[in-house]
Amino acid sequence: MKKNIFVCLYLWYGGLLAQNLTDFDNQVENPSSNFMDKTEFRAGYYGNFYWNPGLTFGAEYLWKEKVRTKEKKRRTKIITKQWLLNGTFGVSWDPRTELGVFTNYGILWRRTNTKGKQINIQFNPLGFYRAFLPETYEVSGDNVDKVFLPGRNYYAPSISFGLGKLRKGKKLTGRYLNITYMLRTPYNANSLPSFAIEYGYRFNFKKKRKYAKDDL
Amino acid sequence: MQKMIYNPVKTVLFLLSFLFVLSCAKEDIGDLSDTLYVRHKGADMPAHIYGNALEKVFLIILHGGPGGDGLVYRSGTIKSKIEKSCAVVYFDQRGSGMSQGRYSEDGISVDIMVKDVLALVKVIRHKYGNDSRFFLMGHSWGGTLGTAVMLKNQDAFKGWIEVDGAHDAKGLYFEYPNNFRRVANEQIAVDNNTSYWEGVKDKIDGLDTTTYTDDDFYSMNREAFTAEQKLADDKVVNKIDKDIQRELAVNAIFKNNLLTVLWNSGNTQSILVRDQGIFENLSYADRLNEITIPSLVLWGKYDMVVPPKFAQDAFDDLGATSKELVIFENSGHSPMLVEPDLFAKEVIDFINEYK
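Here the protein sequences line up with chains A and B, keeping their order. Going by our numbering, the first residue of the first sequence is number 904, and it counts up by one from there. Going by our numbering, the first residue of the second sequence is number 475, and it counts up by one from there.
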């Protein structure tokens, strides 16, 4: 059953990407094809309590972008919608019991309005979570053996919803606040859902390269 | 930009170092503060060991629930007094607390959980020496599991302490109505919360208490906790001291991941209660005479959750020649929280006598 779900997710995800590829011709604006220009990085806090903290680092590659401009009486309204490929690496820590290391990959939809306010919706069907446990002993019959690098691996897809702010002209190009739902499965006899808050900043290397050119 | 990248890296390294330092265990045998995991039959179960292990005497606490967690007991005099006289092992059972692993729903059963406890004993012996000595304490559902452990291998332990334990889980359903009526009549007679207790009697009268159902069981179980609160309001039983309340809150929120604990609790309880029918079918009442090691039975006089009838049954039926029954006059289901000094004294005296 779980295998089928995984296959369905994969097919759905593949279909989504294929759809994006198909729509690529329709995009209104795609200023640069340079990989670094289309990639932003982010780093932030990740945790479901402040005493259950963690950190995430990620990269977002601009897959598709549509910019809609509307002339209003007093101002011009610009709405940007982006599809980005997303990859995240993170750590989270539970006091005394585990250090979790996870990575996930998926797609991110972002809408940015004229004022730079953003809505982010992220779906990461490909996720992996490794729980590193402290000193662990395995018991089998009368044998007790200390486990080397004890821990558990989980399939861990996630979805996020959040708000953000574009910071034009700043080194840190944006900030975001997301609520993330991650499922760790199989976990015990079932699965373990978890909610986390992510707060962080995005940055890229575009400006550095531009300034470097200017300096020349 | 370089500075910008460098700073987060430094911050991350600092935070990771900080976290690892915090998670390091203190290995002072006289004041142990250790967390280890027991991997057994697909589950990784944490055991938090605190206290004085100089004499290698370990008191293993089996939590309630099913689906509770071990660290919730690390408060009051268990922490401040019992940990001074021996090492206390706060164990998260399979599918409970911060336990994790991978197994099917058939992978949780009383039989497997019994073997988990015996696996824990083997691990502690392996780490702290074969001369380690063990006492087992089970509270509430832990009394069910602990009794099952005793019946499987009591030779691994120096003594058994049952605290308001459900060794006769099946009998609870049929004893609830008697206990509610008895306490309700008592309280109405002294004019305590009359309307509430009249309501309880009406509620019980409205239930079919001759045939077990999960819904009615949980209805009475929830009412039992409410009833104990009413008894506390009327000062029939003691209230939990504010310091202990604070410790309970800290343990629940800061020592564990509360969301994980709650989620695990719901799942495990569902499997054991709804699917396997432990409160419908499970009873060790007829086998208590097989337990012959020194036993201590501790019970709150006003325990509404596991009525005190079971305390007398346990004392009468246990096969041990060295056994003692202590009724806490001002307690409900958790005497360790509301009469903590007497509780610690009884436990320490028992351990000192039989270690």
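Simulated from the structure, these hints should not be mistaken for lab results. Ideal Cβ placement from N, Cα and C applies to all residues, glycine included. Just so you know, not all the hints are guaranteed correct.
[What the hints assert, rightly or not] Result set (DSS-like, lysine-lysine): computed pairs, CA atoms no more than 27 angstroms apart in a straight line:
1. A:1049 x B:515
2. B:716 x B:632
3. A:1049 x B:716
[As the list claims (entries may be wrong)] Covered, in the sense of this in silico footprint (three residues per stretch, anywhere, with C-beta under 8 angstroms from a C-beta of chain B), are these stretches of chain A:
4. 992-999
5. 1033-1042
6. 1046-1060
7. 1063-1069
8. 1094-1103
Here is how each hint holds up against the structure:
Straight-line distance between C-alpha atoms of residue 1049 of chain A and residue 515 of chain B comes to about 15 angstroms, which keeps the hinted pair within the 27 angstroms bound. In summary, the hint linking residue 716 of chain B to residue 632 of chain B is not supported, as the alpha carbons are separated by about 34 angstroms, beyond the 27 angstroms threshold. For the hint pairing residue 1049 of chain A with residue 716 of chain B, the CA-to-CA distance comes to about 41 angstroms; that exceeds 27 angstroms, so the pair is violated. With a cut-off of 8 angstroms between beta carbons, the stretch 992-999 of chain A has 5 residues touching chain B; three or more are needed, and the interface restraint holds.
For the stretch 1033-1042 of chain A, the proposed coverage by chain B is satisfied: 8 residues have a C-beta within less than 8 angstroms of a C-beta in that chain, meeting the threshold of three. Given a C-beta distance limit of less than 8 angstroms, the hint that chain B covers the stretch 1046-1060 of chain A holds, as 4 residues qualify and 3 suffice. Counting residues of the stretch 1063-1069 of chain A whose beta-carbon sits less than 8 angstroms from any beta-carbon of chain B gives 0, not enough to reach three: the coverage restraint is violated. Only when three residues or more bring their CB closer than 8 angstroms to a CB of chain B does the claim for the stretch 1094-1103 of chain A stand; here the count is 4, and the claim holds.
Hints 2, 3 and 7 from the list above are not met by this structure, while the remaining hints are.
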